[in-house]
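Student: When you get a sec, could you build the whole thing from the sequences and use the hints?
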Amino acid sequence: MQNENLVQISFFNQLMLVHPRKKQNERSEASVQVSEYFVNAEGTGDKVNLSDLLGTVEKTSGASNKTKKQLRNLQSSKETLELPLNKQQTEKIQRGIAYEKTTAEVSCWKNIILQNQKAEQMVFPLNQESSGPKRVEQVVAGWKVQTPLEQEIFRLLHGSRQPVNDPVLTPVEEQSLKAMSLEEAKIRRAELQKARALQSYYEAKAKREKKIKSKKYHKVQNKAKRKDFLKQFDEMVKTNPEGALEELKKMELSRMEERMSLKHQNSGKWAKSKAIMAKYDDSARKAMQEQLQMNKDLTQKMVVPSDDEHESIEEGLETVPDFVNDPETVIDPVNPWMRGQLTHEEPEISCVTAEEVQTAEEENEEEEIIGEFERKRKLRQADEEDLIPTEEERKKIRTILSLFVSTREGSNQTRGGLNTAGEEDEEGLLSEGQIRVRSIEDLEVLDEVVEPRAIEEPSAPQTAAAEATSEPPHKKKREINLKEVLTKEAKAVRLPFLPTVVDEEERDEQISIIKEAFAGDDVISDFIKDKSRQEAAGRPAVVDLTLPGWGEWGGVGLKPPRWKRKRFRIKTAPPPPRQDQKLPDVIISEKRTASVASHQVSQLPFPFQNTAQFESSIRTPIGSTWNTQTVVKNMTKPKVVTKLGAIIEPMVKEDFIKSKTTAAGDLVFLSNYPKKINFIIFFLLQTLSSIFVVSLLGCLLNVPT
Amino acid sequence: MLVFGFWTTKICNTRSTQQNRNVLFCLKKDPFPGEAPIPQKQLQKFQRGKKCKVPAGARERLKEAIAISEAMSEHAQKQAARYDLLLPEDAGFLEGDEDEDTNTISQADIADAVDITSGSKYFNLHLSQFGPYRLDYSRTGRNLLVGGKKGHVACIDWQTKDLKCEMNVMETVNDVKWLHTEAMFAVAQKRWLYIYDSKGVELHCVKKFNDVLRMQFLPYHFLLATASATGFLQYLDVSIGKEVAAICTKMGRLDVMAQNPHNAVIHLGHPNGTVSLWSPNQKESLVKMLCHRGAVRSLAVDKTGTYMVTSGLDRKLKVYDIRAFKPLHSCFLPAGASCLSLSQRGLLSAATGEIVQVYQNVLGSNPVSKPYMAHRLRGQIWGLAYCPFEDVLGIGHGEGFTSMIVPGAGEPNFDALDTNPYRSHKQRQEWEVKALLEKVQPELIGLDPGQLSKVDQASFEQRHKEQIEALGFDPLAKDKFKPKTKKKGRSSAGAIEKRKRKVAHEDQRDEIRQSVQERTEREKELKEKSNEKKLGNKSTLDRFRK
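Going down the list, the sequences are from chains A and B. According to UniProt numbering, the first sequence is numbered sequentially starting from 1. According to UniProt numbering, the second sequence is numbered sequentially starting from 1.
FYI, nobody ran anything at the bench for these hints, they're computed from the structure. Incorrect hints may appear among the rest.
As the list claims (entries may be wrong) - Think about it this way: if two alpha-carbon atoms lie no more than 25 Å apart in a straight line, the pair counts; the simulated BS3-like pairs of lysine-lysine are:
no., chain 1, residue 1, chain 2, residue 2
1, A, Lys-110, B, Lys-478
2, B, Lys-63, A, Lys-639
3, B, Lys-208, B, Lys-250
4, A, Lys-633, B, Lys-208
Said to hold, decoys possible - In silico negatives: residues of chain B with every beta carbon more than 10 Å from chain A:
no., residue
5, Ala-36
6, Pro-55
7, Ala-58
8, Asp-211
9, Ile-240
10, Cys-248
11, Asp-255
12, Gln-259
13, Thr-306
14, Glu-411
15, Ser-453
16, Phe-481
17, Glu-497
18, Ser-539
19, Asp-542
From a predicted model like this one, the values you see are computed outputs, not experimental measurements. Note that beta-carbon positions come from the ideal geometry of N, C-alpha and C, so glycine has one too.
Tutor: Okay, structure coming up:
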């Protein structure tokens, strides 16, 4: 019965919880007769019997037999329903249920509270972003590219497929990190070799051509090139008008330069000398005219390319791109970061590609480039063969060394010379390990190397002597004190001053002397007395409560009987043994130092069960005198940290409970219902006529009831 | 002869920041993952006490508390061991050729052999007029204070030989001592104790401290301990200028004094051959040891507070373990040692007559054999002191002052935050403020410096007694019963007395009542027991008993 009640009440509670303030809708009774003017129900005032209501169930076919049976039973039973519980009791039950509910609700906080209590440090507000360095992806996630520079960087990063997530290496890097297989390496090496050979042929050819002094040849060459260029230019105008325009601009620039300079205006040294000869020499005249013609050509506003440009182009053609020499080609040319190894070569490349540089300079550059190629090749060889200086080279070095030494011998021995000699010797010493004597000449060379050391050594005492002669004034200064302190006995210092350990006889003698000297004051017995006095003071006194005369005769000279002494003389427990019990010549005070006690912990703190545990827990000092900085910071970090200016909001359940029950979902929908209706009413009121609205309202209001 | 590792100038900061590894851009895999291992030896060096084990069946909270504290101390130990590698300096030493005793090597030879800076550390000051001299080095080892018996007081930056101040106090000077910084020093003059600043200006004349013979300064407590001719041991707190304690030792003239740097206990030597240990908190000596048959002439305690070296009129030199108060070994010096001094590295120097002898490996179980170094001087030696962080021994004698080179005497690694020989003026000021903030109170001085970290296990009664002693009254005592004044003649003297008698001895009566009750209960129990016993040997007829 009570259970039923409980169920009812709980259901009621739920309803109440869902609609805490909802007004009860007006009830409309269903009746057979519907009056237009008033609401009335037939048979009002009559009692409705259960049988009236249940009679219909019997007839309905849908109802199950089981319920029918139950209803029949109910009808037949004469028992009345129990009265509902009184108010106090229901309230009590309600309170109990409410308590259970709230405890269940609150207990879900238990774990988090415990966790927070245990936590070494709490940082408020909670759910803060962690301070310190963030991972790249965290930073990138909420960041937008704004400036063009950023855009470019971003593009590069994405172009190279820079890893944003866990793998630290880009696929490219991984590839490069992977070791090449042997065949691959061989193929690659062959390719490179071929390229290098081609390059060297090219270079040799270019050099050869350059060396040809025939002007005619060059003229022809230039002409051919010019034609070629013009052809190319015409093509370019068609195919690549932008490139052509640039080309044109370059030409314009060269024209301007030509106009600025006095290069082809017959004003140079050569031109002047030719001018003198021009009267008599046709060729000279021709040459001068040629120059002038060239000037004209260059300064003309025409699309005729200048000589300089040809040459530059020629050079561009001649030189093979640099990357041929690289051990590995750059796989991703878009990303400048990936070309780290090339960076030191970049200026040279730019030199090559830069135009309008004077021819002389260009030649130099060319040489440089060639030299570099050679150097690189050598390096490569060194790598391949693991080069160690060959025997010949070593020999050379040695002979040079010996030569150097011999010349040094001839020259006067200055300090600087000595120094260098020392250095040379050192080098000689270092190289000694590699020298292998194979012939007599070698031996001689070796001798030469070794000799200077022998020669040098006699010079060392000389220098020492020189130092000695230079030192005295300085030393004297210090010795003034010395001499005065260590006069004639100074020599005695050489021996141990006095015997530290004495013979037995002497010792006995001395002991006897001492005994005589201190015969008056017996130090030891004094000390023993003092100690016994202290011990006695430390012993607790016996409390004598015997009263003479009670139960016996009293008087002078009478001793209380044994039983009385036994009973009334109270002995306290003996104190713990003295610390100096086993040390006869030491008195240790047994007094407690109360001054420290006031600063000590007198009660064991909570989780500890004995003093040893607690003492060991505080045995490590936390001060910076004993610890490193990090440890001090770690040990003294506050229990609670709050961020300045941040709002600390109370914890929300959602923060830590992930799976929230959605059992009350439909109820939530219900609670939202009236709002919808309100909205519709508002909408309708605005649009439709009032009569129509009223009828619609009726429809709508019927829906929820 | 070989003089080795005479270190000069090394500064190390043991608290540099930890190296951070940027893991993000680490391309290759670390071949040695994790933290670098620490050698067991180094770890042992920084072990503090024993580890506490979690007892079986302990509660969760206890387990956690122990685990946390253990983890913390382990971390601290590891870090300290790791940073130990930042103390790279080794002490120097002196080594003779074959068949050459190091004690035959003269100071001049050493000074020649070592570098110029170190060589300049051997020097003499000829002050024959006002000798003999007592001396004191400042805690950083930078400054030297010398005081002649006849009133000459001077302080010198001894490395640059820069004379800071010099004066004659026109009185007998018994002892000189630097206070916490180089800015102040105390001079024990004929009658009173004076305090001067580094320029020689008299700051204080402390008339409470009279006839002072010896002084010791306790740097972490800011206490100046003085021993006087009248047998008083007094403590002056130099940070607040108050006398902390004055103890009448009742041991006569006190002219032998040393401090234990480990626990700030003062050691006094007495004419009856005893050495007594004192703290400002106790009116009687903490320990009294009988060390010599004659009077104690000199005392020295080593840095770790483990060993004490004494010399007496019986011409013996004794080494004690002062943790156990047991003698380790004694040796007989024919001339007897008038002055003793122990260096930071444990070298013992003893002044025997006009000769200063330096002994090596004295502290420990191996007996004293022959001196490591020796140096002869003119005149009686009056003061001996090692310079901190330098391989130098200062000797004050009748003819002035001698600075002697003793390789291996000084501690090569210093804590720059504690005592920095190279500190600037600003650093000194900062250090002073910090030191004052970290000042240790005199109440904490005792034989065991770790006393504070122990639980006070005294009983409630004992503590209560102490409280009564300290306060002068019993804070827990009940108020006396005071009868209310009543009217209508009911507050007559007789009535009041009657009322008082009703309440009188209430506690006692309660006690008696309780004890009586207990006794009756006990008796009852006994009776029952005896009855049971009686029932034990019951007869066949007992079944009819009702």
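Student: Work down the list of hints and note, for each, if the structure agrees.
Tutor: Against the structure, the hints:
no., hint, result
1, Lys-110/A - Lys-478/B, "46 Å, violated"
2, Lys-63/B - Lys-639/A, "20 Å, holds"
3, Lys-208/B - Lys-250/B, "18 Å, holds"
4, Lys-633/A - Lys-208/B, "45 Å, violated"
5, Ala-36, "15 Å, holds"
6, Pro-55, "7 Å, violated"
7, Ala-58, "7 Å, violated"
8, Asp-211, "23 Å, holds"
9, Ile-240, "17 Å, holds"
10, Cys-248, "16 Å, holds"
11, Asp-255, "17 Å, holds"
12, Gln-259, "18 Å, holds"
13, Thr-306, "16 Å, holds"
14, Glu-411, "16 Å, holds"
15, Ser-453, "5 Å, violated"
16, Phe-481, "28 Å, holds"
17, Glu-497, "29 Å, holds"
18, Ser-539, "39 Å, holds"
19, Asp-542, "39 Å, holds"
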